[in-house]
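Protein chains: 4
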Amino acid sequence: MSALWPYATPGIPDRLFQQLPGIPLTNRDVRLLVIGYLRLKADAHLWDIGAGTGTVTIEAALLCPQGKVTAVERDEEVAGLIKTNSDRFGVSNVEVIAGSAPECLNYIKGQPSCILIEGAPLKTTLKAAWEKLTLNGRIVVTANNLEALYTASETFAALHMRNIEVAQPTVNRLETRGNRQVFASVDPIFIISGDKLE
Amino acid sequence: MSALWPYATPGIPDRLFQQLPGIPLTNRDVRLLVIGYLRLKADAHLWDIGAGTGTVTIEAALLCPQGKVTAVERDEEVAGLIKTNSDRFGVSNVEVIAGSAPECLNYIKGQPSCILIEGAPLKTTLKAAWEKLTLNGRIVVTANNLEALYTASETFAALHMRNIEVAQPTVNRLETRGNRQVFASVDPIFIISGDKLE
Amino acid sequence: MSALWPYATPGIPDRLFQQLPGIPLTNRDVRLLVIGYLRLKADAHLWDIGAGTGTVTIEAALLCPQGKVTAVERDEEVAGLIKTNSDRFGVSNVEVIAGSAPECLNYIKGQPSCILIEGAPLKTTLKAAWEKLTLNGRIVVTANNLEALYTASETFAALHMRNIEVAQPTVNRLETRGNRQVFASVDPIFIISGDKLE
Amino acid sequence: MSALWPYATPGIPDRLFQQLPGIPLTNRDVRLLVIGYLRLKADAHLWDIGAGTGTVTIEAALLCPQGKVTAVERDEEVAGLIKTNSDRFGVSNVEVIAGSAPECLNYIKGQPSCILIEGAPLKTTLKAAWEKLTLNGRIVVTANNLEALYTASETFAALHMRNIEVAQPTVNRLETRGNRQVFASVDPIFIISGDKLE
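Residue numbers (this note's numbering), protein chains in the order written: chain A, 6 to 203; chain B, 6 to 203; chain C, 6 to 203; chain D, 6 to 203.
Everything labelled a hint here was simulated from the structure, so no lab data went into it.
Note that the structure is predicted; figures quoted are calculated from it, not measured.
Any given hint might turn out to be false.
What the hints assert, rightly or not - Label pairs and their in silico Cβ distance ranges:
no.	chain 1	residue 1	chain 2	residue 2	range
1	B	Gly104	C	Asp80	54 to 62 Å
2	A	Glu180	B	Leu30	23 to 31 Å
3	A	Glu180	C	Glu136	30 to 38 Å
4	D	Gln24	A	Asp200	37 to 45 Å
5	C	Asp80	D	Ala163	23 to 31 Å
6	A	Asp200	C	Thr89	27 to 35 Å
7	A	Leu30	D	Asn168	31 to 39 Å
8	B	Asn184	D	Ala47	38 to 46 Å
9	D	Ser97	C	Glu136	38 to 46 Å
Claimed, not checked - Straight-line alpha carbon distances no greater than 27 Å define the calculated DSS-like cross-link-like pairs of lysine-lysine that follow:
no.	chain 1	residue 1	chain 2	residue 2
10	C	Lys46	D	Lys73
11	A	Lys46	B	Lys114
12	C	Lys46	D	Lys132
13	D	Lys88	D	Lys201
Backbone N, C-alpha and C fix where the C-beta goes; we use that ideal spot for every residue, glycine too.
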């Protein structure tokens, strides 16, 4: 239970996170769908690869207090940002690894039950992630460009992942611009998800 | 914890719910956003008015085991469907009221901390809901047509609700049609939400 | 036939228009739909009220060389921009009026067969436009906010317009950002259209 | 000029076309964008491969009376439907070929200045189309599934097409369902376009 977010439901407003200019942040509406596709058990161990601002990391850590989230982020400063946000929301079940996927994945202790890839060399990271993932585990990938969508889709098929789903949320929101409320759209993203079954 | 949905995250696939032909079901992608906008505390008391198949009711009951959901549904048979789904998912913190809003709201015990209106005479139900809602409570309305969108927006303003947000998710999904995977879209819906503050 | 746009089809890329910072420009994808909803005859007289950069004005003038477009724009400088664009595309059937609708509509010669309202006090302008419009004429309104959507919808109904349609295009496009091609979305707009019949 | 569509602008309502159950029809809103991306000159020769109901064929023929449209359709009965629609709209500059692409493309007289591929074995048809296309000609492909999107994107790159654009329109419309007007969405489609330059 966080003082900053005393709710049992996900959906933390973007502005509650500490942010750094230019660092990706999975916006709330897209994040709600990503959380849904992750399908985390209460004691899940999630790897969040390319965690950026750490918004999904924080939401997952809050929803699964008996679980654990390992956030992997290449950039030292951004890794620090995730720690700042963890402190801000008072979550103690987050581990931050400053390192480059897929190489650094070998140094993480324990086996993940769920892996989210938000950024990293996709093909090699997906293959490494797949090796590490527990049986009956899930992988979710977010893609904002065609190449990543292709690669994810093809690699999922090559790894014989099951229950593959591709969703593309596009959320329009009334936003205040000047003294008017206009419809603005959130840039669309593809969410590709699947299971590792026997 | 449900045997059918042993997860700490929302996002139950539509096919896991018992369904009746013609009865509205809030599909998973839209439901994830609705859950996010509800912003429920662990001990929340949610009224789900016009609950239909009861998908939001079930998700909320699972996320808030110390809380309570009162599902209001005009039609006796549909009210029975919500009970069936409650049993199916093993939730015991759901109360189903077969009755017409806004009249029947007077007979519900306790005061809600959050109210979702998925269907009912919107203006009168919103006003009655507002009266019942605890201070610092939230109201969320889903609208699939212009008239409901107008009414919700105007009534929210007239009631001096705060932090009003309007979001319109439109989710495209790869779906199997025949032997092909084509992009299909989920019909868009508007989600209007706001707070009751002093 | 324009040297700059030697095509029989609409859809001029945005970058071909002279632009001024802060002045609205109906982007190509939305413009294609607006043109379609205008349903112009070869000898149409179109009033484009709140014409901004003049993109619809130019496209309509090119498609209807025997017709005429009267572009109404409140701001003198913006009115000049429309003239610049008319010269650029070599269209001679465009008249630019620098004035405020609805008042200035009384000073336009001739009766329009089609009216597009892209910006102006909506209710009074719609009523004035309706009076001026020929029988069997059409009115199209673009709205980027809820209030304009309401007002257009209600005023169309009050004027007993026929064949009312409301469309909301949201176009995602692959765009180059840095050295990547990412999906970006065009802000959604509502297009409300209807006929004046006996 | 058609008695049925006496307009200088595209955007014929779907219901004005003769239709056959199960035969694809490019709906009006998507069609307006396809027409825009085709960028036809007044004397264009367009090949419409996999023309289905022939809606784009008819719109193009009406916009380019000095041009010509060759509609290619595998199925004899559907080819007949295109002829019926040509007669219906009184266009005489449409040629219908009942045959399978890419093989049948060798038997079409003349060289196209623009090619639209709405359906056919995509890779081989794209390559054959490219060979036939005049210099400075354009190719447009519509794709409603990931595989077609991939193939189009990769083949466009392999053929060194220029000015490649990918757009994905998703249009929401108010539609009457029972006695209500609800928002419904048109299934999204990808439109990939590019130029053949020296």
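*Any hints this thing doesn't respect? Which numbers, in order?*
Violated hints: 5, 6, 11, 12 and 13; rest satisfied.
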